[in-house]
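Starting from the given sequences, assemble the full structure and let the hints guide the process.
2 protein chains.
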Amino acid sequence: MKRDELWVDEEQTEDLRLGLRVKSVLLRERTAYQDLLVVDTDAFGHVMFLDGCFMVTEKDEFFYHEMLAHVPLMAHPDPRQVLIVGGGDGGTLREVLKHPEVEQAVLCDIDQRVTEAARAFFPTLSVSLDDPRATIMHQDAIDLVAKASAKWDVILVDSTDPVGAAEGLFSKPFLRDLKRALAPGGIAVCQAESPLVNADVMRRTYLGLKEAFPKASLYTGPAPTYPSGYWSYAVGHEGGDLLPQLRPQPLGRYYTKAVHAAAFALPPFVQELLR
Amino acid sequence: MKRDELWVDEEQTEDLRLGLRVKSVLLRERTAYQDLLVVDTDAFGHVMFLDGCFMVTEKDEFFYHEMLAHVPLMAHPDPRQVLIVGGGDGGTLREVLKHPEVEQAVLCDIDQRVTEAARAFFPTLSVSLDDPRATIMHQDAIDLVAKASAKWDVILVDSTDPVGAAEGLFSKPFLRDLKRALAPGGIAVCQAESPLVNADVMRRTYLGLKEAFPKASLYTGPAPTYPSGYWSYAVGHEGGDLLPQLRPQPLGRYYTKAVHAAAFALPPFVQELLR
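Residue numbers (our numbering), protein chains in the order written: chain A, 1 to 275; chain B, 1 to 275.
Any given hint could turn out to be false.
The list makes no distinction among identical chains, and a pair is therefore deemed to hold if it is satisfied within one copy or across any two copies.
Below, a list of computed lysine to any residue pairs in the SDA-like style, where the Cα atoms sit at most 25 Å apart [unchecked claim]: (1) Lys215 - Gln271; (2) Lys151 - Ala265; (3) Lys23 - Arg275; (4) Lys23 - Asp9; (5) Lys23 - Leu251; (6) Lys151 - Pro77; (7) Lys59 - Leu274; (8) Lys23 - Asp200.
Rather than coming from a laboratory, the hints here were simulated on the basis of the structure.
Structure representation (structure tokens):
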């Protein structure tokens, strides 16, 4: 490390930290819900941290957003109504709106400041926030989901880690509410953290969905700036193999139909954690 | 970070660093070829660094070693003679010897101290070093490969990053020598770094193999403590799809035949880098 360099490190577990060299600090505030930090870097472009955790970087956000959105949307035969829980930066919404079948996408993130920061500093993420098919709400998604019934075809839970504001998004009552909020044939996906360093969260999320839905599945993919760089997504659904439907695939940098199918090939150590 | 904590960080690129909290330092020396550091950690067990780079951790080494070894060995119809270039810690050798077809595996690592450190501090890695089917050599593998002809069925290049001692292992003359050193139908695999943060190395290794062999292929997998956690492996071979043969698969924590096939589903941004 040279003199006068500024670094920001996330302690991803008690024992593991990931750091980036910072060119400048663009925004640093305490919102009503969390600490929000936006920095500029050479290596990963603009980077947003929430409560000290990497949330998005311009360089690597496509892995996570494409896999969270496209797998359930391509697996659903006719995804018209979509709810995004969290995801206030707009990255998941951008991917959802690549699907011409989608008539309305509701983004519900409790923290309006995340969306405002995305508009100010992440133009490639916030690009779809003003799309006529998008509805942006800033309220607790737990209430929204609890009051809904047979409403959405696909629900994407694009949450922060299961501490603080997002803790309820990993609870059993919420996972049961997801099922009731879905229309027949609906699919819910929850980001489920790292199989290597958050195995307990992954397992709990998967088993919670398995209780609430006729079937649960899990798929994985890279997420370089999240802990261990190896990420999981847990799916609650009505059955079947969740393979992509026959329609054309969205254009992306990580997702293809072959990548989609490959993401369900689980290694033995992950299979064991789901038992 | 609490007081009196000891951390070790690798600057994985100029702008990116990964750190682990250290319980104690087990070994720290300058060998004839590189800086060698072994530490004990709560999170990842014993960890070896070479020239300041994460080389192996007890917790996550299975991702890399299984994928480096099992994909080419399961793709080859009858892998009897195997050469490991580098890999002095023994992890790749351990995986190679899980294949009953293998009659002899030669491990050639220039630095004897790496192997001695593995014997002392990484019992689960060094477990196969005394196997009767294993031959351990400490010399420059570049000479060994240059002098060989039609000798090995599979060659695995388990190198450090392309700086210092390992630089020649990424050169075009070495990649051409690999082809000549292989028996008919032989397969060579080179670890080819991160598609995200070492795209130039991945591309150069793949294109070098493509020049030297009738066909080159590439597959990817997780490697949590290597830069970006997302890793690539470049293959030089005579053609075909490199899918697993019909024999039983080795027992592992990451590898299965389905994972093997899935690893070749390349995302669009990687496909573009290979053009």
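Each hint, compared with the structure:
1. For the identical chains of this complex, Lys215 and Gln271 are intra-copy neighbours only, at 15 Å inside a copy versus 34 Å across copies, given an alpha-carbon limit of 25 Å.
2. For the homomeric pair Lys151 and Ala265, neither the shortest alpha-carbon distance inside one copy (31 Å) nor that between copies (35 Å) is at most 25 Å.
3. Taking the shortest alpha-carbon separations for Lys23 and Arg275, neither the intra-copy value of 45 Å nor the inter-copy value of 32 Å comes in at or below 25 Å.
4. Proximity of Lys23 and Asp9 under a CA criterion of 25 Å is satisfied in both settings, with 14 Å inside one chain copy and 20 Å between copies.
5. Neither within a single protomer nor between protomers do Lys23 and Leu251 lie at most 25 Å apart by alpha-carbon distance, with minima of 32 Å and 46 Å respectively.
6. For the identical chains of this complex, Lys151 and Pro77 are intra-copy neighbours only, at 16 Å inside a copy versus 53 Å across copies, given an alpha-carbon limit of 25 Å.
7. When the C-alpha separation of Lys59 and Leu274 is checked against a cutoff of 25 Å, the pair qualifies only between copies, where the shortest distance is 19 Å, while the shortest distance within a copy is 31 Å.
8. Taking CA atoms no more than 25 Å apart as the test, Lys23 paired with Asp200 passes between copies only; the shortest distance there is 24 Å, against 36 Å inside one copy.
Hint compliance for this structure: hints 2, 3, 5 are not met, and every other hint is.
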